[in-house]
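Undergrad: Chain A is fixed; fit chain B onto it per the hints.
Sequence lines, in order, name chains A and B.
So in the numbering used here, the last one in the first sequence is 345, and the numbering has no gaps at all.
So in the numbering used here, the last one in the second sequence is 582, and the numbering has no gaps at all.
Rather than coming from a laboratory, the hints here were simulated on the basis of the structure.
Quick reminder that beta carbons are idealized off the backbone N, C-alpha and C, glycines included.
Treat the hints with care, since some could be wrong.
Restricting the straight-line Cα-Cα distance to at most 30 Å, the calculated cross-link-like pairs of lysine-lysine (DSBU-like) are [claimed, not checked]:
1. K88/A - K494/B
2. K439/B - K192/B
3. K161/B - K150/A
Computed from the model, here is a short list of chain B residues facing chain A with C-beta under 10 Å [unchecked claim]:
4. L57
5. S120
6. Q124
7. G148
8. E157
9. T254
10. Q334
11. P371
12. H452
13. Q461
14. D501
15. I506
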Amino acid sequence: MEMKSYTFRIQRNRRNAEGGVESRWQEYKVEASDTTTILSALEEIKGHQDGSLTFRQSCRSAICGSCAMKISGRTRLACKTHVAKVAKNGVVEIAPQANQPVIKDLAIDIGPFFKRVHKITPYLQEGPESTKEVTKSSFDQVNHVTQCIMCGCCYSDCTMAEVSPEFAGPAALAKSFRFVSDPREGHKKSRLAQLAEPHNAWSCVRCAMCVESCPKDVAPMEAIVKLRTRMVAQGLNDGAGARHALAFHEDIQKSGDLNEFTLLQRTLGIFGAVSELGSALHLMKKGKIPSPFPHKADGLQEVRAIYAALEAHPVDVETKAADVAPE
Amino acid sequence: MNSHDLVIVGAGLAGMRAALEGVRAGINVAIVTKIHPLRSHSCAAQGGVNAAINPKDSWNSHAYDTVKGADFIGDEDAIELMAKEAPDSVLELDRMGCPFSRLEQGEVAQRPFGGASFDRTCYAADRTGQVMLHTLWEQLVKANVPVYEECHLQKLALDENGEVAGVVVYDIKNGNIFPIGAKGVLMATGGYGRVFQVSTNATTNTGDGMALALRAGAPLADMEFVQFHPTGLLTSGILMTEGCRGEGGYLINALGERFMGKYAPTKWELASRDVVSRAEQTEIIEGRGKNGGIFLDLRHLGAEKILERLPQVRQLSIDLEGVDPIHEPIPVRPTVHYSMGGIRTDMWGASPLKGLFAAGEAACVSVHGANRLGGNSLLDTIVFGKITGRKAVEYVTAQGAKNFPMREVELVKARIGELKSRRDFGLRPNELHHRLSTKMNQYVGVFRTKEDLQLALEQFPRIRKDYELIHLDDKSEVFNIDLLRAIELGHLIDLAECIVRGALAREESRGAHTRNDFPQRDDEAWRKHTLANWDVEKGEVALSYEAVRTVGNDNYVPKVRVY
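One chain only, chain A, in its complex shape (with noise of 0.2 Å):
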């Protein structure tokens, strides 16, 4: 096979006496093939040229989530990614998962991700709403958030992780997702009142990060939304969140476009929209304040036409794996 030289550039990490991380970039040449893995790049670096690299590794294939990591730019797992298909230029650039205290190089600490996915109560629970019964299609909307490593990827590239590091999180919220979809789980109610609580599954902005992340197709995000309507349809229309859901709903069958203006007084009650006043003025300096007058949008008839549809015969929007059987 064919071999080419590429440059590694990788972020150096080291924790010095005050708590503090030490950054540096250090390159190493690396030859590879188009099948060559960044984790096997890895290796050659620390087994033939810097034993002090470090970084997490384990299966080599892409099941035990250890060796997720920034691979130009996005979180991926190193053992399945190739380095021809994520070079620039002939240069990879590898540094930690982001949102996540650095150990050491490549090292993350993994308490934090974990005591997220702790908190969720992640395991099935007896109680009142469990059934007995199961068949084989009641388990299609586990099947596919089982398929969750938990390597942190989703995470590391969380744009609300970002900003907010009381958020859940993607992996959290889908695991949390699994056990609200199973039916043998005793506890469904109060896991969904629990998530309804700031900082979970109306927190997540939907940037669809998630989705592009995982290495095992889970599309949290997707699981985020499902819980979001399983909320909903329990009543559990209180917070800022929901609130703003049921507007947009509400607007939208009504006039077929969003009042902006009275939005956020819907989403966050008077008092809230009061204290977001100060947002508002910057706002009006710069012309940006919606018309208070709802708009009602061209085509009106069909978007209702289209609700009164959905409502008759709503569409199965939810994920599902196939239950496969290979053996």
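TA: Frame of chain A, contents of chain B only:
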């Protein structure tokens, strides 16, 4: 000093299942693991877990298949126990929330597997190990079991009576070396795939528990029986599940011939793994291979079936071998996969060393004898995790406090300090590991001869000498993986010697151990377990033998094995 009643080393399926027994019994149990529990290699098991849960199946049939698969050197009491306990153990996991694949009415689905006379392999798509591991981890979180995460076992500590008194561990996160007192220690540290250059195993599979048990005075059994999986990817060794053949995949040689009929006229590709691996290697040796491999051909299954039933495997083939199985046959070869050998235990998982227990791949109970059947390793972990856990609980409950030998901590500190302070003689751990592991692949493969095995054995004095010359680039305290690998390499050397000595001595062919110079199975002389002990005086491995435990069932009398 931290102390527990029971310390379990390893947080894969066997270790976590054992820990739950400790919780249920109300003892103080803790787990030590060098990687986060969810990173354990149990997650890489793809195919499934055997249990006679169908009313038309029976545990007797499962037990017989296993005795035969083991080439009549498995311990029959333990095999029967495993087959009997299988349905309860699998269904218990199901109740814990494990998302096994289902039949229409919700029953756990089962599929055919190599060497089995019934479709008894329960599964969750092609990621059975992963969902089982995640399920047991959930239970571990629920039970709030203390886990010493990213702590590496350094030594099994014995008290003045030669009984287990705890362990010394190295905290990878900060470099601390500290003792953990325990009345009993249960090794669930898995296998040693890294002894070989190419294996299906994780790079963390370095047999630490086996090697440290050996050095502490416990015997390892049947180490010469190393399972070669018939379908590891040619370049990386990554596993292509037996399910590829279960789904109807063919093995073809470089001439495009489907060859298994010559070797196993009834079962073809679904003969037991030792038979299929030998057939492949024969094709390769006789010149009908390509680049040292043959091919796994799934093309005739069609894109739809491959995408629906073998999605993970297809993706791995594309990612790691650059081959899409829908359009091209996958280059594969027999690849080191599993250790039938391990820490010798009785049928309850207790080793002869007082206070030491072992379960899962780290143990040799022995339910797999000379060749493990697919689907029996996941089963082994949950059945003997439970049984050994119970036995260990029973033992520690009857023990008083142990006297921890603090000098062991000092010895470990001195050893690690010495490793870190070494001068650079130009030998990195990786280079020595490469030398050892390539020799093991070269001389201790599917087919073995006295000459090759002797060549393998002769290298040990030199390797041990050079091991004292390796140096570390990383001298730091925090997350020193360089140091970790150097320590692991020491374990691999000990285990490799056990494998080579056992293989050289066993002058017969049985299961996964094939000697070209002794092609027949010899029940008269060799229906016995090899025990490897560490000879402290000589600084090398010494062998002895032990009878197979039989139960007097006429069906189990050795006969010619045909598939």
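Undergrad: Each hint needs a verdict: does it hold in this structure or not?
TA: Quick rundown of the hints versus the structure:
no.	hint	verdict
1	K88/A - K494/B	holds, 26 Å
2	K439/B - K192/B	holds, 17 Å
3	K161/B - K150/A	holds, 21 Å
4	L57	holds, 5 Å
5	S120	holds, 5 Å
6	Q124	holds, 6 Å
7	G148	holds, 8 Å
8	E157	holds, 4 Å
9	T254	holds, 7 Å
10	Q334	holds, 8 Å
11	P371	violated, 32 Å
12	H452	holds, 8 Å
13	Q461	violated, 19 Å
14	D501	holds, 4 Å
15	I506	violated, 13 Å
The earlier numbered hints that this structure contradicts are 11, 13 and 15.
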